[in-house]
Every structure is written in structure tokens, then in C-alpha cells.
Amino acid sequence: MRIVKGRLFICILWLAFSTHDVYGQVPVFKSLNFERYSRKSNVQCLHQDMQGYIWIGSDNGLIRYNGLDFAKHPFSDSISNAAITAMWNLDENAFLVGLSDGRVWEIRGSHWNLILQPDTIDGKYAVSSITGNSNGIYVTTYGAGVYHLYGKSFKRYYTGNILPDDYIYCSYLDSSGCLWVGSDGGLQCLKFEGEVSCTSVTTRDGLPDNIVRVIKPRKNGKLWLGLQEYGITLFNPKERSFETPEQLKSWDYGPVNSIIQLDNEIWSATPKGIVDFEFAGYKRLRLINPNNNELHDLKFQLHDMYDNVWVTDGHEVFYTPGENIEFLNFTDSLFSGNIHSILASFDGVVWFSNDKGLFSFQPFTGMGSKVISGPVKLPVKKNSKIICMYEDASGMLWIGFFDEGVVRYDPVTGLSRRFTENHGLVNNNILSITGNEDRIWFATLGGVSSCEINSSDPFAVPTFKNYTEENGLGTNFIYTVFTDKNGKVWFGTDGKGVTVYDGVKFTNFHQTSGLKSSVIYSITEDWGGNIWLNSADNGLFKFQADSFVHYSTIDGLSEPTASGIACDPNGNLVVLHNNSIDVIDPETGGVNTFGEEIGMAGIEPDLNVVSVDRDGNIWIGSRIGIVKLCLKKSAGSKSPKVVLNNALVYLSEVPGGKHEFNSSDKHWTFDFDALWYINPVAVSFQYRLIGYDSGWITTRDRLVTFPNLPSGNYEFQVRSSNNGVFEEREITSYSFIIKRPFWEQPWFLAGFMIILVTSFYQYLRLRERRMKAREDLQRERIIAQYETLKNQVNPHFLFNSFNTLITVIESNKELAVEYVNRLSDYFRTLLTYREKDVITLEEEFELLDDYVFLQKKRYGDNFKMNKDIPVAALTGNMLPPLSLQLLVENALKHNAVSKETPLTVDIIIRNDLLYVSNNVNPKISKEPSTGTGIMNITSRIKIMTGREVSVVNTNSSYTVILPLIPIK
Amino acid sequence: MNKIWLLLTLCITFTKLAISQNVALYKITAGEVSFVSEAPLEIISAKSEKLKGVINTGSNTFAFTIPVNSFDGFNSQLQKEHFNENYVESERFPNAIFKGKIIEFVDFFKDGVYDVRAKGFLELHGVRNEMIIPCRLEVKAEKISAECSFEIELEDFDIKVPKIVNQKIANTIAISVTSQLKLN
Chain A
1 MRIVKGRLFI CILWLAFSTH DVYGQVPVFK SLNFERYSRK SNVQCLHQDM QGYIWIGSDN
61 GLIRYNGLDF AKHPFSDSIS NAAITAMWNL DENAFLVGLS DGRVWEIRGS HWNLILQPDT
121 IDGKYAVSSI TGNSNGIYVT TYGAGVYHLY GKSFKRYYTG NILPDDYIYC SYLDSSGCLW
181 VGSDGGLQCL KFEGEVSCTS VTTRDGLPDN IVRVIKPRKN GKLWLGLQEY GITLFNPKER
241 SFETPEQLKS WDYGPVNSII QLDNEIWSAT PKGIVDFEFA GYKRLRLINP NNNELHDLKF
301 QLHDMYDNVW VTDGHEVFYT PGENIEFLNF TDSLFSGNIH SILASFDGVV WFSNDKGLFS
361 FQPFTGMGSK VISGPVKLPV KKNSKIICMY EDASGMLWIG FFDEGVVRYD PVTGLSRRFT
421 ENHGLVNNNI LSITGNEDRI WFATLGGVSS CEINSSDPFA VPTFKNYTEE NGLGTNFIYT
481 VFTDKNGKVW FGTDGKGVTV YDGVKFTNFH QTSGLKSSVI YSITEDWGGN IWLNSADNGL
541 FKFQADSFVH YSTIDGLSEP TASGIACDPN GNLVVLHNNS IDVIDPETGG VNTFGEEIGM
601 AGIEPDLNVV SVDRDGNIWI GSRIGIVKLC LKKSAGSKSP KVVLNNALVY LSEVPGGKHE
661 FNSSDKHWTF DFDALWYINP VAVSFQYRLI GYDSGWITTR DRLVTFPNLP SGNYEFQVRS
721 SNNGVFEERE ITSYSFIIKR PFWEQPWFLA GFMIILVTSF YQYLRLRERR MKAREDLQRE
781 RIIAQYETLK NQVNPHFLFN SFNTLITVIE SNKELAVEYV NRLSDYFRTL LTYREKDVIT
841 LEEEFELLDD YVFLQKKRYG DNFKMNKDIP VAALTGNMLP PLSLQLLVEN ALKHNAVSKE
901 TPLTVDIIIR NDLLYVSNNV NPKISKEPST GTGIMNITSR IKIMTGREVS VVNTNSSYTV
961 ILPLIPIK
Chain B
1 MNKIWLLLTL CITFTKLAIS QNVALYKITA GEVSFVSEAP LEIISAKSEK LKGVINTGSN
61 TFAFTIPVNS FDGFNSQLQK EHFNENYVES ERFPNAIFKG KIIEFVDFFK DGVYDVRAKG
121 FLELHGVRNE MIIPCRLEVK AEKISAECSF EIELEDFDIK VPKIVNQKIA NTIAISVTSQ
181 LKLN
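Sequence lines, in order, name chains A and B.
For the first sequence, the residue numbers in my numbering are 1 to 968.
For the second sequence, the residue numbers in my numbering are 1 to 184.
For reference, chain A alone in the conformation it holds in the complex (with noise of 0.2 angstroms):
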């Protein structure tokens, strides 16, 4: 009766809780101010390149997004008049993107060229979409149909041929190559091997909407459709049915735009917001209207490779990291002030605390609002305080206050009982309570207390067994408790590090242990069995094989200071600061940090107000409301990825796939980038040029120049980190080759040194051969000298000369006195030029004139010269001195002159060659004669021009033809 008195009780007393609305519970958005950058421009769509750059296709051109800046993309100007519609990922480095006016573009870095330009005669249809496969490129249209591409040509299939309707929204590729459209007229599956083929799925099949807006495949093969006028359905393309959620069948958020799949929940982008359908678990329904209820008419979505969400009016863009962070903002000022501990149960019901008593209430329910039950009543002085929560194996609560004790309380019945001191407890402010199976655990400002669940009488008085200083524990102040996997529990003292108590003795470690900070705040445990420490100011420590490992700021910490820790299903280590929360990856190290420009500024919890709940979702009890993340495996180890965009020369950009360079490109500029969309600002650089400088170099700054690099092989490389750790972080690299300059290589350097040899042995030998004709004419000359001399001294010569003399000087004095004169002239320039290599022809003949002259005296009209030569070529030409001379010495030696028989020499010069002839009428006794005469001079002009002498002998004639020196 007395039970029944008091369930009644409580039933009238939950009839009388206030429920509160609270503002929704909505992920945190991040708007990227493109409204600011491009004023007036129509988003069309959203794309991510394989680089991970976000596109922004608008009516305003083409404009890449890399978290920090937006980048208009240097496109066509021909395109200018069409808004961009549609885009597709075609490889690593090219994308294509579809107009308004049905032109496909292929965009490869700052590179762009036409695939498509559509034949339609009666319009122009815009790209609704595109995808494609190795058999070529498919491109739909609004009111075109589809265009197959493949190679440089293409096909278009329409009403035409085998379309029911030309206006398709969408399109899907499925594995069995399928391209899947949604139109006007349904659901069209499009078979392009062999004969194509056209299927339709329509109304008459199920299909609860003629007009599919959008196609989004599940990962069990079926496909998410989104309608025009009755929301989403999901088709089975195998059995062709359709199947709608109960909770989807009455739509009234008009046409669904977009569909974008996460984990659990499909989002669909509506006129009326967010559409997030949990299709997995609850089956929960709510809407979305992100930036605080402003943004409604949703365009489009994008899902990126890092699990971000990025949505559009068509406007504005926003942002949503994929860690799934959410915050329930309360509007009632009940909520106000700090949440002092926060606990969500096995049943899903979340219950937290504040200054004003202690609330309940059901995650994802109602469309966006919340409705918060409390505050419970409990049978503790007013304004109590509650610090802790604990929910034991029977679903009862335990509530720890501070002075008041505990209270057990039970959610179903409402019914609860103090404990304090006069029932054993050691200490009535209690601080942190855990346990396991059946054992509780209370930390108090006087010890730790522990008592066995009784189960049997949940409300009866439990024995208290209480521990203190004097049983070994470190001090009697403990902020947390904690029980670890092995049955062994971790105490967090004020002072004296942490405890451990394995059920026999308490071992106390602190600074001579190696645990470097004497205040534990929160203590817990990670996968791989290891307990981290939560110390006030000196960040976490790890225990780890009997030692403690420091993790701090240095280590990627956003703050030394934290106020608890807590492990959630997937492994994660979540950290709670001032103004961030970090997640660490236990096994990795790796850091990533939630701050401010999440929205985490000021949440300033309180000490161990966290708690995780069977989902995995953490819950976070905060100064400005309740936190809820929902993090991805190794979530800590995530980090930024580096891109390196363009190696420049001077400037200008290197040609993809070019790696060796020449001796003059020595100024090289690289840019690189980080898509780091949660925090873009916390990315910092390293970089190196491996063969130029070792050492990693850090910055802020995405582009670095290298003036004047000399040749060699380098290898540049970057790696990024938002934390500050570089270690274990992906490097990207460009290796590439400065050629050395042509003299420096070694084909040059041989055929350099063979053509120096080969030409100083040619000048040795030229030297050599002109040493030796320099002799050889040396040695004819003093020969010819001495030959002249002999004959000239000849006393033939001399006796007839004087004979001549004789007679003259009787009959005609002056002929003498001419006679003696010339005779003395040709002795004097005998003596002049027989020194000389060469004399002039001029000389030559003056020469040859007096020796004439004298000759003729003897010889009279018997002895006669002709001579014919260009005036020109007596000064132009040179001989050995004597040459002409000595061959009409010879002619006068070798034939007979008399009246019968007289002689004629002719000297004429053709070309450059001198004709000395002669008539023959041989001496009957012959002189002797060496030859050397001839001879000489045969050789002295050889040596000198190269060129032989020749003698030409008939029985009538004998001619010497001797080449010309010419005067250079």
C-alpha cells in the first residue's frame, strides 16, 4: 500500500514536471562568406576534385575553395553567359563541368577544352549531370536526355529513340553498368552494351512520384530516389520495389534537392532545410535548418572525401565537419550556468545537472526541438549541489552532492534514498562515483567509500566500507575514482598523484614515480588496456608497462590545462579544455582538436562532466549547453593533406610530368596547399629541397622560392600537420633534375679535350713540315747562291764580256762606257738580291735587262728577247731572284747563236704562270752541264707555292713554265 501510495505520488509529481523546449539540436554549420566574395552569384553546385579542392559552380563562373581563400578558375570566356551545373571527377588531376547551355567542359588544371558541344537544334538544355565509366562519358540533360560519349564522338538518346522523357534530373552508374536517370517520367535504367536498351520504372510500377530528383545509391545495392512532391523512397533495382520509411510517408518538405548518405542517416537538402532521416537504429525523423534557422531553401549538398558536409542556398555555403558535432543550445534560462555533471543512461535518456536540479531527455526526437524533463525531485536541501552521476548494473542512479552525500534514485519509479555519514559514508561531499558489476565506488574530499549493490532492496542501507590516509591512500582528497578492466581501481588524489588499489593493498605513485604533476582531475582507460591520467595543469599522462608518459602541448595538445578525459567506443581518447576539445588516437598519438572555430570557445566544463553513451556519442556538459560529438575511428590520427599544386620556373608552370630541366632554369617557386576545411588556420608546413638544404623548414606560408638553384638532382618535399607534430605525417614530394649547363658534360668535356689534342699534334706537325721547308729552302738558297756566284764569276762569262768590251771601246766609246755601266749594274743588284728569297718580277727583269743588254753586244741581232707581260703582273708576282737568268744563261749555254741560227727566248706570262721558251739548234760540242741550274729553282718554288716547275722539250722548242709567287 505504502508503495503503491508513493508510485501514485510520483506519478502526480511527473504529471506536474515543466517540460522546457530548448532550441534544436543541430551539427555545427560554418558559413565560407561567399555571399561576401561573390556578390549575387547562383550557386549551382558543389564538386570536390580527387585533390580534395571544393568547386563552386555558379553563374558566375568557376571558383575553388581551399578552406582559406576562394580562387575564381581562370576559365573561358565563351562560357561567361552559362551558369556551370554540373561536375565530375574524370582522374586524379581533371575534372569536367556542365553548363547551362549543354556544353561539357574538360578542366585539367589551369587547362580547359571542349568535349561536348550538344546538337540540340530547338534550345539550349542544361547539364543536369554527369558520370561515366571505361565506356565513355554520360552526360543528362534538363530536357536533352542523355548523351553517351565515348572517344571523340557521341551519341544522344531522347524521346527521339529511346527515352520516355527528356528532362532527367540525375544520373547514377550502377557496377553492372547501368546508368540510372531520374526524369520526368521516372526511373529510366539506360544498357549501353551491345544494342542500347531502355527500362522505366514509373507509377504504375510503385514508384510514388513521377519526377525523380535525385539518385543516391545505399551500400546494399538499393537506391535512395528523391521525389518532387512525396519526399524519398528507397527502390530495390533486384526486385524492382519500393520501399518508404514510416516516418517519410506524409512529406510536406517539398522537392528534394540532394541526398547525401552518412553513417546512419540520410540528409536531404529541401526548401524547408535538412531532412536527417536516421535509417539505421532509432529510425528517427528531424529537421535541419542550419545557421540558426535562416538557411531554408536548400540547393544542393556535397558529401566530401573527408566526410564534411557542404550545403548551399544557392547563396551561401556552409560547412559541417564529419565529425558529427552537435549542440543543444537552451533557450530557457532555467539552462543557464554551467552544467555540473552529465550522464546518458543505457536507455538513451540523457540526464545532466545544473545549479537548478537535475534534467532528463530523449536525444533526436521531435523535429528540432527538444523537450527537457526536470528538475527531478529529490530528497535533498534546496539548491543542493550535484557533481557526479553513476549508473549502476540495475539501472538505478547514483547521485553524488556536495555536503549532502549520495542519493539513489530510480528513473522508472521516481522513487530515491539519501545516504550521508550517519549511514557510513566517509564523507558527505562526494566527488566522483564508479563501479563495476557489483560494486560502487564514491570519491569524497574525505576518502573514498565502497559498498556492494544490493539489489534485492535497492532503497535498503548499504555497508560502507571506507578507506583513507591511513589505509594507504595517497590523501583523503580525491577528485575521481575510476575501475579499470582488471578489477583494479585508479584514485586521483589532490596532492599526491594516483592510487591504485588491487583489492588487497593501495600503491601510491607520484613525482618519484615518474608521474610529474601531483593533482589528478580524471583517469581512464584506452583500448589497449593503458590508463591516462587527466593532471590539473601538466597535461595527461599515460601508464603505460609501470611508467608514465608525458602528453602535452608539445605532443599536440591544444591546452596544458584539462578538465576530463573520457574513451569512447571507437577508441577514441576525447580531452576537454577551456576552449577546445582535443581527440587524441591512443595508438597513433596523433592530436586533432575541436576549438573555436567550432564554436567550442567558452564551453568551460566542469570538472568530469562527459559521458558516453552505448552509440558511442560523447556527451559533453558545458557553460554554454550540451555538447554531443560523434567521432570516426582513429578520429585523433586524422590530418590535413598536403597538395602540391604547381613546381614553377620562373614563374610559370612546369608541365606535368616533366622532370628534368636545363642548366638555365635555376629560380624554382613551389605552391602548395592543405584542404584542412575544420580549422584551415591551424595548418602549418614543413619542407625541404633533398640536395639542397637537409633540414626541414616550417611555416605558415604556401609557397616557397628557391632563387638560384645550381644544377643537381633534388627532391622537394612537404608534409603538413595541424598540430604542430610533424612526425609520422605524409610527405608529398617532386623530384626533378637542373641538367648541368653543356660545357659541364661529359660528352663535350671528351670531344672537347680529343679536338685539343688533335689540333695541337696537327700544329706540331705543321710547324714541324714548315721547320723542315724552311730549311730545305735555306739550304737551295745558299745552293743558288752559290751556284750564281760560281757562275757569275764564271770566267767565261767575264772573258767574253771583256772580249764584247774590247770591241766596242774601238768603234764607239759611249756604247762602251753604257756597256761597262750596265755590266756594273748587274754585278751591284746581283749582289742586292742574291740574299733574298724572292725579289718582284720588276727586279727580276731589271736584272734580266742588263744581262740581255750585255749578251746582245756580243751576239748582236743573232740573240733576241721578246717579252709580253701585263704591267700589272711585274709588280703582282714574285720569283727566286736569278730564275730568269739562269734559263737564258742556259738557252745562251745549251744552243748554237749565229746568223743561220739565232735565238729567241720569249718570257710571257699566262695566268700566273711564266712561259720562258727557246728555239733549239743544239751546240754541236756541248757544254757540260750539272743541271743544277734547273734544278734549283725547280725546287725553291716548290717549296714556296707548292706547285712544280715543268719543262716542256720538243725537237724545235724548249719551255720552263714557272709558277708565280703572287704578292699576298
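A few of these clues could be false.
Stated by the list, open to error - With a Cα cut of at most 16 angstroms, we get these calculated EDC-like pairs of lysine to aspartate or glutamate:
#1 A/216 <-> A/265
#2 B/99 <-> A/814
#3 A/124 <-> B/130
#4 A/155 <-> A/193
#5 A/272 <-> A/229
#6 A/283 <-> A/265
#7 A/222 <-> A/239
#8 B/119 <-> A/229
#9 B/160 <-> B/85
Rather than coming from a laboratory, the hints here were simulated on the basis of the structure.
Based on the hints, put chain B in the right spot on chain A.
Only chain B this time, still in chain A's reference frame:
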């Protein structure tokens, strides 16, 4: 007027030539379009019976047109002139045209009432806007009666109303269409 018929017929037959083998044209025998502007200070309504149009039941397409200056029933003659000269500029853009297709399947051989959506381009004041308009078709013995009502935003059709009169002219105009069609 014959010209318009020819135009409409050509429109429909040529754009959907592929399925023209089963052309079955229903032609409007009587049609009426009315609109209402409910502004805070004044309610304006007008209607015209000059609606012409065809439905091609073979291809599920249709084309309707109405001369804009044929609307009557304004609160004053001055208002009608204003409407024609300043707002819809009926001399420059004489006709309003709605041309498109019927999304839902309708069995025109079977009598009955069908709720359908007509999707197409509404051309008014020289501006073409894509619209989806819900309609109710009643098929009875080779006759169709069609009823549609929808709303348009003046802004969408580039019809500018001076601020000073926006208490008298609503930005959203409600339009309703009723028509009787007969198999040609």
C-alpha cells in the same frame, strides 16, 4: 485566330514527332482563366474566356495560350489600361502561353477523375518560367474538363509594381483555369 491553332498544333506535333503515330488531339471548346490579386488595400480580379489550347493524349503534352489583353473585370477601366500598358505590356507580349507535359499517366479512354501535374514553361511578359501546376482532369465520353489553380510571383515574371501601389497589388497572384476539351 486560326494562326494560333496552327501554331499550337505544329508545336505539339513537331516536338513530339517520334510518338506522333498515336496523336489524339483534344481541343478547347470553352476555357476561362481568372486571376485574383489580394492586396491589403484592394482586391483585384479579372477573367478571360479567350483560352485556346490542345492536349495531345498520345504524347501527354499540351499547349494553352490566351491573349493577355482579353482580361476583363477590373475594378475600373483605368485599372485595365494600367494592367495592359504598365504591368504585362500586352502590346509587346500579347499572349501568355503554358506549354509542357503531363507527368502522371492518364487513361483518356477511361472515364474518371485524374489528379495530375502539368509541368512546362509558363511564358508571360516575355519571361519563361518552368512550373509544375497541379490540375484535375475529368474524362467523360471523349471530353475532358480540366481545372487548375496555382500562384505566380510577379517578381518571377519581371513584372514590376511600383512600391507606392504595393498595398493595392499583391506580389503573389492566384490564377485559376477551367476548360472543356473535346476530341478533335
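Hints and how they fare:
no.	hint	in the structure
1	A/216 <-> A/265	13 angstroms, holds
2	B/99 <-> A/814	141 angstroms, violated
3	A/124 <-> B/130	14 angstroms, holds
4	A/155 <-> A/193	14 angstroms, holds
5	A/272 <-> A/229	13 angstroms, holds
6	A/283 <-> A/265	9 angstroms, holds
7	A/222 <-> A/239	10 angstroms, holds
8	B/119 <-> A/229	13 angstroms, holds
9	B/160 <-> B/85	12 angstroms, holds
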